[in-house]
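Visitor: Kindly produce the complete structure, drawing on both the sequences and the hints.
In order, the protein sequence lines correspond to chains A, B and C. The first sequence begins at 66 in the working numbering and counts up by one. The second sequence begins at 13 in the working numbering and counts up by one. The third sequence begins at 4 in the working numbering and counts up by one.
Fair warning: there could be bad hints in the mix.
[Said to hold, decoys possible] If you want a taste of the chain A side facing chain B, the calculated C-beta under 10 Å gives, among others:
(1) Pro148
(2) Ile333
(3) Met336
These aren't lab readings, by the way, just hints derived from the structure by calculation. Only a predicted model underlies this, so the values are computations on that prediction, with no experimental measurement involved. Beta carbons are placed, not taken as given, at the ideal position from N, Cα and C, and that holds for glycine.
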Amino acid sequence: MNGTDVLNIAVASVFTVEVALGLMIIFGVMRVINMAHGELFMLGAYTMVVVTSAGLSPWVGIVLAPLVVGAFGMAVERAMIRPLYQRRDLSSLLATFGLSIVLQQAVRLIFGPQSKTVPTPIEGSVSLLGTTYPTYRLVAATMAILVIVAVGLLLYRSSFGIRVRATIEGAEVAEALGTNTTRIASLAFALGAALAGFAGALMAPFIGVVSTMGLEQTVRSFLVVITGGMGSIAGTFGGGVLIGGGESALTIPFSGTVAQICVLGLAILVMLVRPQGLFSRGGVRTA
Amino acid sequence: MMRLFRSQTRIAAAVLLVAAALVPVVSSDVYWYNVIATGLVFGVLAMSLDLQWGYSGIINLAPAMSFGLGAYSWGIVGDRIEGIGGTYVALLAAAAVPALLGAVVAFVSFKAGTREIYFALITLALTLVLEQVALAATGLTGGSNGLLGIAWPEIGIPGAFEIVFDTPESYYYLVVVLTAIAFVVCTALVSGRFGSILAAIRESEHRAETLGYSTLRYRVAISTIAAALAGVAGMAYAPLTGIVDPSVFGVALSVQVFVWVAVGGAGTLLGPLVAALLITAGQSSLTGSSATAYLLVIGVVFILIVLFLPGGLASVGERLRRLRRGRLTALTPAPPAAPTPQEAQGEGQP
Amino acid sequence: MHLSTSTDRRRSGRLRAAVVTGAFMAASLLAACGSSDDGGSTGGGGGDDGGGTVKIGVLAPITGELAPYGEALERGMTVAADLINEDGGIGGKKVEWVLEDDQTDPKAASTAARKLLTQERVDYLMGTTSSATTLAVIPQAERAKVPFFYVVEGESKTCDSSATGTREYVFGNGETPEQKMTEYVPWMLENLGKRVYFIGSDYVFPHFVNDLTSKLVEENGGTVVGTAYAPLGTSDFSSYISEIERAKPDVIFISVVGTDGIALVKQLNQFGLRDKVELTGMPTFAGEVLPGIADVAQDVYTVDRYWDKADNPVNERFAAAYHAKYGEDAPIGTIAAQGAYGTLLLLQAAAEKAGTTDREAVAKALPGVSVESPAGEITVNPDNNVVTGPIRLLQVKGDNYDEVQDLGQVPHPGHSGCSSQDA
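Guide: The following block contains the structure:
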């Protein structure tokens, strides 16, 4: 393993955690299985495409994307998720499954099926760990870490965060203690969406932006949540490193496909042996 | 209880299949045999999803997975073993391979407690993986070029008789017969005791468990059967296009299956069959309109149905009737205070 | 909680059934009445001479991942058909052509071919732009006995299922990797370096190219230091790049296609590899996609049959007409110039040789026919029906190429590397 590998694994882990965190917040608060989470990531990436083709700096896109996608998330929650909230989870799973296809095809119709490139905000590379590594990747990963830390602080130190975590623990109790769970749900969805969109925007300059890019993110995020623990925010961190970093590490000896299979196998193993997830306490959380 | 299949529905199904059988008499346009046969095969696929989603409340996000495995089974076996033997072996493989996979996935997912999300997730992830495997295993699957020169099936008993279905007409009739058999099998499955227990599990898993039924066992059983059925449908599909390539595992096909079931009405069997047929036939005559726009539209239709019309188009009739009788409240999509499982299986508002 | 009673179900079941059956009957009646051709069998057997036009069916991806190539083919045909008709058409008859979208999907290609053959009753078929879709069309063309010119570069597909004979109705007007690489590899080893790393997209064509080229590298005294394949849709090549670094090659031979290829080259720049190694490959740097990749691929060498500044009167006329219609900046690749115009020129010459536009006669006249095309002289090789033509060494400069060397006329050797399949 050389320096490039180490940095690749680190970058992959960071971004996996960020996207999965968004999914976790949505699931934890609303018990909503958001099958369109990857498409929210994709929308963030396409925001960059739109911004840069209009001639603006990519940084504008990076700032704009979480706002745009967050707002979109709020709209989706109100229009599509809230009416289904009372029903069993299956409906929201199906509705978001439909949404993911709609978003993919809409983007494909507007932008075409070929993938797009986004200019890199910072050119050049640094010498690190005995290798040459693109500067921007490191900067983007650092920004992602900062955002993850910020969200962590928000969830564990602010009153909003307390209310969110209370709702995750049990909505009825939170409601009884005076939390407006509807509002919390709406904000949580927006936050989750914004996280995904932000990751998409950050990553856009170094990965191809294409309408089908979201599926991989959705699957990976869910594998993280399953492995780390469905109700556990801390578990998301551990799971993210395991799944995201693990997949990247496995591409060193094996091919990309084999790495994907291994990671899926790991998640299945966790499902069988420790269904509550590797990093959470307690028994199985029911829907 | 679930006495869904009164003679009216059986008659309707019979009429449908007779009409299908008469198509070659009315028209000699080979192109349409192909289209309708494709629609019927998709109809069988839709029924297989209905068994899982409509009747058992299990969400399999990738019906295309079993379908694709069946198609590849036929392509791979049919190429290596000729004639009657080839057809029987391929049939076995097309049913058994997806069935085995379906059983394992169901077992793993549902053993971990009631987590539909696990099942949905694994099926989605697996279908991505299978697509990659199909692309990579060039020797077996032809890689991205896929398998070509798909053979026509032959049945019979060596020495006694032999029928080769190598003309568009004969193959068409084979598909009609296959659809009829599939429908009868599914109907029998859900009308009897087995179906009743499935419904009980779907409506309240807890209650079913306390009554002594192993929900795990029933769920695995229905998933296995549904997978086998989808696999056989996939095998029937392969000669219609003459190619099997990795795109058969794609999410695009799976979404369409959901739309067929949702539009037709989850939990009715006949509804999904007809919806698949009509939508496929209709889509083929929309020449020049892009596949993208089509998928976009049906995606939107699907969302709308999930939100507002869980019973599918077929339940429109019932709603109109209620409207006429003045029971307007039943039409609003606002969910009742206690979540009713009917919503999840698409039986319409109580 | 209220469970619908069996009475409710019975009633709604009956209504449901009736609605559904009625709809089906209506649909099938419509279908039966609406089908345009009566007794439309697949193809019309031995072509007759009747009709005042020659009808050509063109299969191209208008939608799907290869849409840029589909557009190139469509544009090429538009210009080419006009030019041919100006010159009197094929066998004195005007050329008429119909385009069907193959959606970059083999199943759709098969259906589209069937439509062109049974409902449009075309005399000739042309297209597509990928191996998978081409292979899907071949059985249809054979069954209908309609000559089919495939126009995409790729492994040879004109052999029959025994892989030793030539199909009667299939002609290959796209360069094969053998034609391109046999002359190029020695030059590459001499001028770029002897240690070669191969990276390609993970599907049949790049595997084929890499296998072939690897063998040629070893035969010519070079070393293959590594091979890797990235699934289609890979956009992050960081893990592949670390592997390349470990292997320390002199040359990276790239057969990663489309926008994946653009991402790879961009990232090779970003990871500082361009300073250390030379890049080359195909079809990553082909004319059709050059505008998208030129920025990051300056000075890269590649091999192709055609480029739009080829210096001959046929190309001057073709390029002028193309630019007049689509703008001075419109890139012209091999598919438009050779695939479209080259094919029509060959058909024209064959009809002249046969003295008739009868399909069977033209098909028999094609092997051995030679014409001047925009790339230079091309000939249908009678050994294998694969077109022999010029191969050029090009270098990316600015947003176009410089021609570095003309590697001459290269025939495809027999049936080597042929994708055979059952009809």
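Visitor: Which of the numbered hints are not met once you compare them with the structure shown?
Guide: none
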